[in-house]
Each structure stands twice: as C-alpha cells, then as structure tokens.
Amino acid sequence: MPSLGADMEEGTVIEWTIKPGDHVHRGDIIGCVRTEKADIDIEAWEDAIVDQILAKPGDTLPVGAVLALFRGESVPAAVPAPPVAVPASPEGERVHASPLARRIAEELGVDLNKVRGTGPHGAITREDVQHAATIPTPAAMAASATTEKPQADAQAGMRRAIAAAMARSNREIPHYYLETRINMECAVRFLESENQKRSVKDRVLVAALLVKAVAKSLNEVPELNGYWIDDRLQPKEAIHIGLAIALRQGGLVVPAIHNADAKSLDELMQAMSDLITRARSGHLRGSELTDGTITITHLGDLGVETVYGVIYPPQVAIVGFGRIVEAPWAEGTMLGVRPVLTATIAGDHRATDGRRGAQFLTVLNRLLQKPENL
Amino acid sequence: MERPISESAIRDTIFKALKKIAPEANPQDLAPGENLREALDIDSFDFLNLLIGLHESLGVEIPEADYGKLTTLNGLVSYLSQRVG
Chain A
64 MPSLGADMEE GTVIEWTIKP GDHVHRGDII GCVRTEKADI DIEAWEDAIV
114 DQILAKPGDT LPVGAVLALF RGESVPAAVP APPVAVPASP EGERVHASPL
164 ARRIAEELGV DLNKVRGTGP HGAITREDVQ HAATIPTPAA MAASATTEKP
214 QADAQAGMRR AIAAAMARSN REIPHYYLET RINMECAVRF LESENQKRSV
264 KDRVLVAALL VKAVAKSLNE VPELNGYWID DRLQPKEAIH IGLAIALRQG
314 GLVVPAIHNA DAKSLDELMQ AMSDLITRAR SGHLRGSELT DGTITITHLG
364 DLGVETVYGV IYPPQVAIVG FGRIVEAPWA EGTMLGVRPV LTATIAGDHR
414 ATDGRRGAQF LTVLNRLLQK PENL
Chain B
22 MERPISESAI RDTIFKALKK IAPEANPQDL APGENLREAL DIDSFDFLNL
72 LIGLHESLGV EIPEADYGKL TTLNGLVSYL SQRVG
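If you're matching them up, the sequences are chains A and B in order. Taking my numbering, the leading residue of the first sequence gets 64, the next gets one more, and so forth. Taking my numbering, the leading residue of the second sequence gets 22, the next gets one more, and so forth.
Isolated chain B (complex conformation):
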C-alpha cells in the first residue's frame, strides 16, 4: 500500500520545480503567504512550466480554473496535499 506524501515532501518538490525555473532564486526564503509569481518574477510561461513540473512529479492535474488557489506557497502546498497520495 502506498504511503501518502507528506506536506514537507510536497514542499521540497515545489522548491525543486521552482529552482528549475528560477535558478538564481532561493525558494526556501519565500514567506508562506507571499505571492509566488511576484516574489520570483515568474511569467505565464514559467508558471505553466511549474505546473507541468509538478504534474510530472506528483501526477496532479491542475485545471486552469484553480490557478487562483495557487498564488502563494501555502496555497500550492495545501492544494497539492489534498490531491496526492
């Protein structure tokens, strides 16, 4: 039986995906409620690539209608936690 993925593991997966998009940034320094795209200077293409990376790592399909829930690190972790495992 597969064990559910912890929030900490999801956070690490997000950091890895962010590092690919913004190699010069340090995602660990992000405040949980900070706007991801503004803080890391992420444009639409980068954001889409982030979602593609998370889809490939975690197998979660994120519809466009849910993009509004993914503006912060906390939002992204919470959203993915409810859908993985």
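In isolation and in its complexed conformation, chain A is listed as follows:
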C-alpha cells in the first residue's frame, strides 16, 4: 500500500487493472486505491511481470502492506512497495525504537507495536510516536462511521486527513513567514498581449506564469525545494510543484506538476488544467500526490489579498498568492496605480532561515518583471 501523502495511514483497494502474468511498465496504472481524501490510481514503479495479487478489492490495509508480487523477466522477485514508511511490527517482534521515542510513547499512551517507523531501518522516531498519538483509533472511527451518512463519511475522512497533516505541520515545523508586494504590470500586459493572439482554448492564466516563476526561482534558491527528513534538510534537484486544489465537495488535494521549471508556459497550462480536472473527478495518480517538493496555494479567485500557508510535511516551504489588485504604487517621486500581487512564503525554520526566504521572494519579483523570459 503506497503512501499517497503525509496524511495517509491506510487505504482500501478498489480495483486492479492487472492480472497474474501481465507485463507492466514503469508508470502504468495497475489499480486504484481509496484513501480518506480521494480515489487514487496506483502505478507500477518498475518494469515487471505480475506474479501474484495478494490484496482483494475491498481490502483495507495499512501503508506499507504488500498488495501484489511482481517478478523481473529472468529473476523472480517481490517488487517492493514504493518508498514509504516501514509497516508496524507484528505482535511479539522486537520493536526498534530510540529511547526518546519509547519515553514519549509511554507518556502519550502509544502502543509502539502499532507504530510505523520512518527512521533508519524502520526505527520508530519521536516524530512517528507523536504522529501516531494524533490518529483516531479504529474503534473511534468505526463509532463515528455508524452515525454518519456516506457523503458525510467522505467529508469527515477528508477533514481527518487534512487535520492530521496540518496538525503535524503546526506541531513539528517552526514556520517563519515573509511577504512582499509585486508590481504585476509587466506580467499582466504580457499575458494580455499573448492571449490576444490565441484562441480561447490556448489561453494562459496568470496561475501558470506564477508556477513557472516559482519553479525558476527555486533554481536560484534550491534550499527551499526539498524535504526535512531524519533531522536534516534534503534538497531535491527535480522541481515538482505541488498545487493546492480545492475540491468542489470540500477539502483539498495537493498533486504535483513534475519538473515545472523545464516546462513551457503552454505545457504548464496544459498540465495544470489536466491536474485540476482529474483532481476534481478523482483520477489522480499516486506519484502525483507523493512527489511534490514545494507547494503553491493560490486563493486570488476568492478575493483574498494575502495567503499565509501551512507547510505540507515533509516539504520545507509553501508559497502563497492572493488576488491581483489595482493599488497605489510609488516609483521614485511618482505615484501611480498598478496591478499588485502579494506573494508570501512560509519556510521551515529547521531547514532554512528568513534570509533564504527573502532571497526567494526577491528572485521571484525579479523574474516576474521579465515575464517574456519565463
């Protein structure tokens, strides 16, 4: 059972699109899993032949459980699940946990046999214990389920998943917040001019320009692109921008646009449109939900001017954009009215300092003054 986000504890197999003997290639959709947030397509992680399917549709299993066995062309082998937390230890087996984790588990009343370790060799860390302490017990969830209608159940599940991730974020991540106002005149004029030449189906929205500007800014400030794991910053070379997408029925998902810095504006627009459509119709791929290296939240459509985001762990930063407003803007001794955007960044203070965040916003501002170069 792949981990499809920091907030996922278990999933239910909905269907398989493969059978024993089938050849699969890396990236092929092989089935679908229901999480508390949505139904997610799961993918093959390497080329292989399906050997055995262990989990039946309807089975609910914890993250890390083996769903199916695969073998290579010549050497039979079990293909491991995608890189996820190690499953909880079976009863009776020695639990590998640090003394600090054991002490905190005792204080919080957490059973270490039921905690999945994310440390080296599956060791249970302090964070794992603290995270486990926030998860409702199956009995509590079952009691809740019996009193709610299916639609309400889905909503409650979504809220629980968001609650777990955001509570973990606010508990574990010391956020710092920075904001800057950006004169968007050049960017707005550029898009107006571009879109004048295009048919409606080929138009580019300002959101695509902002994604590109963020991605290129990260090339210059790479410390904000990555994860905080094992008590250290692990910057990532590939820039996969997670987009916070509100779902119409409530809640949100954060799928990623892969290699956003290398995509043209048209490609970004197409990728965003595709992601939003699939997020809202429940057809996201597992890798899209796990690969984000930073998140953008853009609430300008709802009229807000400033957005202060909550970092999606284990990422180390989230960028917020509000609405572009016509506002007074002073340049030298001249005062005029310009389209102005407030951009914010929330950074993980364990990973970076405010200086890095400030550098990022400065680069972002600079790039948006030359939108034709994005």
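It should be emphasised that the hints constitute simulated quantities derived from the structure, not laboratory data. The model shown is predicted, which means the values in this text are computed figures rather than measured ones. Among the hints, a few may not be true.
Stated by the list, open to error - Here are the simulated DMTMM-like cross-link-like pairs (lysine to aspartate or glutamate), alpha carbons at most 25 Å apart as the crow flies:
hint, chain 1, residue 1, chain 2, residue 2
1, B, Lys37, A, Asp337
2, A, Lys264, B, Glu82
3, A, Lys264, B, Glu28
4, A, Lys260, A, Glu330
5, B, Lys41, A, Asp337
6, B, Lys90, A, Glu255
7, A, Lys260, B, Asp87
8, A, Lys433, B, Glu82
9, A, Lys260, B, Glu77
10, B, Lys37, A, Asp265
11, B, Lys40, A, Asp337
12, B, Lys40, A, Asp102
13, A, Lys264, B, Asp62
14, A, Lys260, B, Glu85
15, A, Lys260, B, Asp64
16, A, Lys264, B, Glu77
17, A, Lys264, B, Asp87
18, A, Lys264, B, Glu59
19, B, Lys90, A, Asp265
20, B, Lys41, A, Asp265
21, A, Lys433, B, Glu85
22, B, Lys90, A, Asp102
Since the structure of chain A is provided, determine the placement of chain B on it from the hints.
Frame of chain A, contents of chain B only:
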C-alpha cells in the same frame, strides 16, 4: 439557410456547460443578474473551461477584453446572442 439560434437554446447550452463544471449545482436556479462565478463557486480555470465549452458548442470566440460583459447569466446570453447564427 441556417436558422439563428434562439436565446432559449443559448441558455440551455450555457446550462449544459455549467453543469459540466459544477455538477452539484443547479444553474436553472440562477437569478438572471446574479454573479455567475460567485454563485457557482467558479474559479479562473472553471471560467476558462466554460468559455472553451461555449466556443466548441456555439463557435463564438470570446476575447479576454470582453470578460467583464460575462459576469451574469443575462450578460452571457445577451453577448452570445449577438454573435451566433
């Protein structure tokens, strides 16, 4: 000779396009002067998809400069009526 498309047919086309974007909503309940985007919780992507849907159904190309005329159902019907057929 092609017959001009009636306002009622245009309205139905708009409702169909809106239903694709906001399946849970009932566009028929919209007041003629109500703000479409606010009433149906339509963001920039949804709005663009609405215009793409209308372009494909009615063949009308809507420039960005005209978006301000399309904030209400009445505005949209009136705008499209002048350009189809």
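Do the hints match the structure? See the list:
With a C-alpha separation of about 20 Å, the suggested pair B:Lys37 and A:Asp337 falls inside the 25 Å cut-off, and the hint holds. Only pairs whose Cα atoms come within 25 Å are accepted, and A:Lys264 paired with B:Glu82 is accepted, the gap being roughly 10 Å. Annotation: proposed proximity of A:Lys264 to B:Glu28 holds, straight-line Cα distance about 24 Å (limit 25 Å). Only pairs whose Cα atoms come within 25 Å are accepted, and A:Lys260 paired with A:Glu330 is accepted, the gap being roughly 17 Å.
Taken as a hint, the B:Lys41 and A:Asp337 pair is honoured in the structure, with Cα atoms around 15 Å apart against an allowance of 25 Å. A threshold of 25 Å between alpha carbons decides the hint, and for B:Lys90 with A:Glu255 the separation of about 17 Å falls inside it, so the pair holds. For the suggested pair A:Lys260 and B:Asp87, the alpha carbons sit about 15 Å apart, so the restraint of at most 25 Å is met. With a C-alpha separation of about 29 Å, the suggested pair A:Lys433 and B:Glu82 falls outside the 25 Å cut-off, and the hint is violated.
A C-alpha spacing of about 18 Å is found between A:Lys260 and B:Glu77, which places the hinted pair at or below 25 Å, so the restraint holds. For the given pair, B:Lys37 sits about 22 Å from A:Asp265 by alpha-carbon distance, which is consistent with the 25 Å threshold. About 18 Å separates the Cα atoms of B:Lys40 and A:Asp337, which keeps this hinted pair within 25 Å; it holds. Proposed proximity of B:Lys40 and A:Asp102 is supported: the alpha carbons are some 22 Å apart, at most 25 Å.
For the proposed pair A:Lys264 and B:Asp62, the alpha carbon gap of about 21 Å is at most 25 Å, so the pair holds. Distance hint between A:Lys260 and B:Glu85 is fulfilled; the C-alpha atoms sit about 11 Å from each other, no more than 25 Å. For the proposed pair A:Lys260 and B:Asp64, the alpha carbon gap of about 23 Å is at most 25 Å, so the pair holds. Taking the CA atoms of A:Lys264 and B:Glu77, the gap is about 9 Å. The hint holds against a cut of 25 Å.
Taking the CA atoms of A:Lys264 and B:Asp87, the gap is about 16 Å. The hint holds against a cut of 25 Å. Of the pairs offered as hints, the one joining A:Lys264 and B:Glu59 holds, with about 23 Å between alpha carbons and a cut-off of 25 Å not exceeded. Note on B:Lys90 and A:Asp265: the hinted pairing holds, with a Cα-Cα distance of about 21 Å set against a maximum of 25 Å. Between B:Lys41 and A:Asp265 the alpha-carbon distance is near 19 Å, which keeps this suggested pair within the 25 Å criterion.
Our distance criterion of 25 Å between C-alpha atoms is met by A:Lys433 and B:Glu85, whose separation comes to about 22 Å. For the suggested pair B:Lys90 and A:Asp102, the alpha carbons sit about 38 Å apart, so the restraint of at most 25 Å is broken.
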